[in-house]
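Fit chains W, C and S to the given chain R structure using the hints.
Listed below, chain by chain, are the residues.
Number of protein chains: 4
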Amino acid sequence: MKKVAVFTSGGDSPGMNACIRAAVRGAIYYGIEIFGIRHGYDGMIRGEITPMKSYSVSNIIQKGGTILKSARSKEFRTKEGRAIAHEQLQNLGIEGLVAIGGNGTFTGAQVFYEEYGIPTVGAPGTIDNDLYGTDYTIGYDTAVNTALDAIDKIRDTADSHDRIFFIEVMGRDSGYIAIQSGIAGGAELVMVPETFTPLEEVIETLKQGWNRSKTSSIIIVAEGEEGGATEIGSKIKVIFEDADIRITNLGHVQRGGAPTAFDRILASRLGLGALEGLINGQKCVMAGIVNNQLVYTPFKDTITKLKPISDDLIRMVRILSV
Amino acid sequence: MKKVAVFTSGGDSPGMNACIRAAVRGAIYYGIEIFGIRHGYDGMIRGEITPMKSYSVSNIIQKGGTILKSARSKEFRTKEGRAIAHEQLQNLGIEGLVAIGGNGTFTGAQVFYEEYGIPTVGAPGTIDNDLYGTDYTIGYDTAVNTALDAIDKIRDTADSHDRIFFIEVMGRDSGYIAIQSGIAGGAELVMVPETFTPLEEVIETLKQGWNRSKTSSIIIVAEGEEGGATEIGSKIKVIFEDADIRITNLGHVQRGGAPTAFDRILASRLGLGALEGLINGQKCVMAGIVNNQLVYTPFKDTITKLKPISDDLIRMVRILSV
Amino acid sequence: MKKVAVFTSGGDSPGMNACIRAAVRGAIYYGIEIFGIRHGYDGMIRGEITPMKSYSVSNIIQKGGTILKSARSKEFRTKEGRAIAHEQLQNLGIEGLVAIGGNGTFTGAQVFYEEYGIPTVGAPGTIDNDLYGTDYTIGYDTAVNTALDAIDKIRDTADSHDRIFFIEVMGRDSGYIAIQSGIAGGAELVMVPETFTPLEEVIETLKQGWNRSKTSSIIIVAEGEEGGATEIGSKIKVIFEDADIRITNLGHVQRGGAPTAFDRILASRLGLGALEGLINGQKCVMAGIVNNQLVYTPFKDTITKLKPISDDLIRMVRILSV
Amino acid sequence: MKKVAVFTSGGDSPGMNACIRAAVRGAIYYGIEIFGIRHGYDGMIRGEITPMKSYSVSNIIQKGGTILKSARSKEFRTKEGRAIAHEQLQNLGIEGLVAIGGNGTFTGAQVFYEEYGIPTVGAPGTIDNDLYGTDYTIGYDTAVNTALDAIDKIRDTADSHDRIFFIEVMGRDSGYIAIQSGIAGGAELVMVPETFTPLEEVIETLKQGWNRSKTSSIIIVAEGEEGGATEIGSKIKVIFEDADIRITNLGHVQRGGAPTAFDRILASRLGLGALEGLINGQKCVMAGIVNNQLVYTPFKDTITKLKPISDDLIRMVRILSV
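Protein chains in written order, with the numbering used here: chain R, 68 to 389; chain W, 68 to 389; chain C, 68 to 389; chain S, 68 to 389.
So that you can see chain R by itself, here it is in the shape it has in the complex (with noise of 0.2 Å):
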């Protein structure tokens, strides 16, 4: 393999330009021509694609968002779409790919391949932790220390004015983040959509709370949980009219922020095993760490199975906030 290419594709996370950073400079150790591509497949297509030198990464490492840039691409997914990929990437002679995004992406270098026969390697680059095949994303650390910075912040109002919050946090279909940031911000309860969460059990912690003296409460609701903070805490409004109840989302501000130690290293290491792992003729699989070991797991696996959330994790938020 003499010319590889990376990119970014989905919704961007922190330590996405560690990651371009690793591919760049290994690529380089090894002596292979890369090129970067911007806005992922739709910047395939549209040949925005310039060759990577080793500077042209110096003093990222420590940068949010990706400056290769990221889009979802409603083109590739069509056959003419990934036809002018592929001449794009003929025209340069590029041979392999490395993807840092999600399973919507991997989806896409899977067919490519099929069609094509380019193969990619991926990198798991999505905040919600919820890819099989690695214990951590790259990204979700960052998120979930952005979210918890926001937590403290509001238990310090809370505390002052006595009051409950619903807090809403990133995952769509993961507790992963809510779970995390919830037992490290000390939140009373935690909603994730991977189990059902009765009304029943958010009217009985908030009475425990009271009874045990409790003058404060955070209660951290998962994005992907039916209704969402905003619906649950309003019903909660209805049954206790007493208490000062307040709603808030963190939004889009987990997207972003220099990345942790945690995932600049994490990226760092995919960044290089994936390239490393084209390299040496894997394609279709997705870098990841399991038990703090380098494996190449099939995009089929990604895809398809489920990564679930500790049991043990659910059980601590409960017996830690006794």
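What the hints contain is simulated information worked out from the structure, not anything from laboratory work. Some hints could be false.
Which copy is meant is left open, so a pair is good if it fits within one copy or across any two.
Said to hold, decoys possible - Within a straight-line C-alpha distance of at most 20 Å, the following computed PhoX-like cross-link-like pairs (lysine-lysine) qualify:
1) Lys120 - Lys281
2) Lys70 - Lys120
3) Lys274 - Lys141
4) Lys274 - Lys120
5) Lys281 - Lys304
6) Lys274 - Lys304
7) Lys274 - Lys302
8) Lys372 - Lys120
9) Lys146 - Lys302
10) Lys69 - Lys350
Bear in mind that the values here come from a model prediction, so they are computed numbers and not experimental data.
Only chains W, C and S this time, still in chain R's reference frame:
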């Protein structure tokens, strides 16, 4: 004056603890006995009043919120409520008050003085910076930096996806947080309640940005702007259907967090200044900093007079987003 | 087991409070009475032992340091000291201990068990991450992020002035903090006590950087590296007289600060795990996390066995600074 | 004036980029061509001068350091150096300069004007805040908050171990950073070069603390204090042999980091103010903010006049550490 008390009231703001600490340590320095009243006027009525020592305020200067807790009191607005409050103070021999809060707090203190002759000196504790009689209020600098930190993070993801973000920041009647976090965050437009911003200006700003090849834009909307970020953003979505427009509301996170150096020093000066004013016979005035000098402004003025936003700052947003 | 006690000992680390909280709340959950011992073994001897309730550990999960305070005890190393300590525990009916600390702490606990049969389960509290029996120690992730934050800031000024910085980070016998903060900070070289780095390698790295037009460089030196940053930096100054070389030692700042999400969760798991181990009859073992599973390792092993640094990480520094 | 240039010179400070951005965007707004000179006067001599566009300063407002790089120039102090610099400017038709730096920078600009008639308006870029003609210098607020963040962290470990810390902060001739970070950090004593602090006062402060049962103490020492933290701390160690005394020097970390909101706004006002001053015929003056108003002060005054530290602040340290 032998015995005084300090309390926080109204919405909490970062730096209130530094202000409490300064009042307490100042009293001890001058050989005066000082009490802390919990939960503002409500606690005054309920007798939640305890002696404060030097160690009572150890290790709190860096903490958000208020260790004395805060509340908005309905009861103190009644004659009966104030009568009980007065009795509680009399029982303990408390002759004067340091009140950390905003105009609601000061209005109560004014009435209380007129009825019972108990002098109060105020310190401006509110993140909104909308109090006449001081260049800065306690908590404002921290709130601006918290908002800015969020804007910086959102900029990362906005850039990566070529998105337009409408970000709502706090400020029900005042655009201070909006204008400062907007300038510091490099926003393309800032919408404040003090001046009317027609929808056409928003449209024009976005178009000009595209003409200059800006691919992402950030528009800061003060809470008090008619419609808020949600309504304004939704209207723009209808007009620019192809643009990727997102709306986010920073919410209560802006009220918490460790105070900045600026706020801790400001709070320390004003807490000490309020205490010293009280000792020196001041009453029904708020301690403030104007042109870096400590000044006392009658509650009557802080309540009725407006503090305008500098035109310079509004002009600067436009120039700097060229 | 009806009554247990928890204490912190040796150098403090961020997350110790989260660990104390988990042990206390866990004990309450299981209906066991729990005491807190202040100042480690010294306080055990002096009888600084008080009952802990649920509210005793409210609002401490986010705090650096240890509310129980820590110390290194000379007296506990004597037979007389331990005899008094045992008497103190007996007087209160305390049957088991949760000890948060490092190998010094565990050595004491082992001897204490052999003499008096009081079982201890340990939790690894040290920023150095050099304890066998756990992948991560409590405080390590926070210390790495604190060091990284400083490195990021120094990079700003290094770049602006085309300077070379030798930055010393903590780690007397271990290069963990150095290697992780070095990779995450994009350092050009990392010097750790586990491997010998000849001065020629430092010289070569700087020369290669200049050849590739790098104008600034950062070299991370672990505290335990012979000579430290000061001596090594000074030798390099003599060789490259024209280069602008600076030396800085990050110092004790690495021990403090609000723990990261990672450390709070780790500390919560280990505090609860140690308590549950104690209840279930474990003794003279340390609770740790290996491959994301809770495991108990005999003190004899944590004290005698070494935890090596991954060669992968050392290799990565070289590749990524290409 | 049709063509101007902007540069940074002397020690870098956070906010310089925001200042560059404001000068560049301001010039574009007024229809003036603007160039950036890299590496200060050295780059002027070597002709490192390039046109700046609006996008040249996109996404830099939040970055520490200076994208134009900085240097202290020996050559510009020679007549020959300045002659070449003048030639370089003449070749490009540059008629005026915006210089971001301190008194060294302004001294050079003054001489350059006297010799060649090229007008310069300065902006105060230094973390030390020791420039006459402005209440605040660019970078000062950020440096104070960085120092404060470190002090907060050290307080955690000082408290946990009942230790005394001597912390050295930047300020070769000025105690501004020391006094502000000391007050905000709740220090027991602050030692600044502006006033002589006898060793007896240090001893007395520590003794009084112990008498009031303070178990830990923090003493802030400005870099310019005779002996610095190392020497003073060592002397105290000899006197109080049993006390656990530590010394730490915060170092270059204080120069970097994302600027605070305050610094970004200050820098934006001063960058724009300097540019507008230049357009309006100002020369050999520094733009500053005094009592919240933009003012221009002759270099001759900024260079010769001193800005004293407020006695109020020094008095406050003593009262608040009661």
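Going down the list of hints, with the structure as the test:
Only between protomers do Lys120 and Lys281 lie at most 20 Å apart by alpha-carbon distance; the minimum there is 13 Å, versus 57 Å within a single protomer. When the C-alpha separation of Lys70 and Lys120 is checked against a cutoff of 20 Å, the pair qualifies only within one copy, where the shortest distance is 13 Å, while the shortest distance between copies is 34 Å. For the identical chains of this complex, Lys274 and Lys141 are neighbours neither inside a copy (49 Å) nor across copies (25 Å), given an alpha-carbon limit of 20 Å. For the homomeric pair Lys274 and Lys120, the shortest alpha-carbon distance between copies (19 Å) is at most 20 Å, but the shortest distance inside one copy (60 Å) is not.
In the homo-oligomer, the alpha carbons of Lys281 and Lys304 lie at most 20 Å apart inside one protomer (18 Å), although the nearest pairing across protomers, at 43 Å, exceeds that limit. For a Cα distance limit of 20 Å, the shortest separation of Lys274 from Lys304 inside one copy, 13 Å, qualifies, whereas the shortest one across copies, 43 Å, does not. In the homo-oligomer, the alpha carbons of Lys274 and Lys302 lie at most 20 Å apart inside one protomer (15 Å), although the nearest pairing across protomers, at 42 Å, exceeds that limit. In this assembly of identical chains, the alpha carbons of Lys372 and Lys120 never lie at most 20 Å apart, being 37 Å within a copy and 43 Å across copies at closest.
Taking the shortest Cα distances, Lys146 and Lys302 never come within 20 Å of each other, neither inside one copy (48 Å) nor across copies (36 Å). Taking CA atoms no more than 20 Å apart as the test, Lys69 paired with Lys350 passes inside one copy only; the shortest distance there is 16 Å, against 58 Å between copies.
Consistency note: the structure conflicts with the earlier hints numbered 3, 8 and 9.
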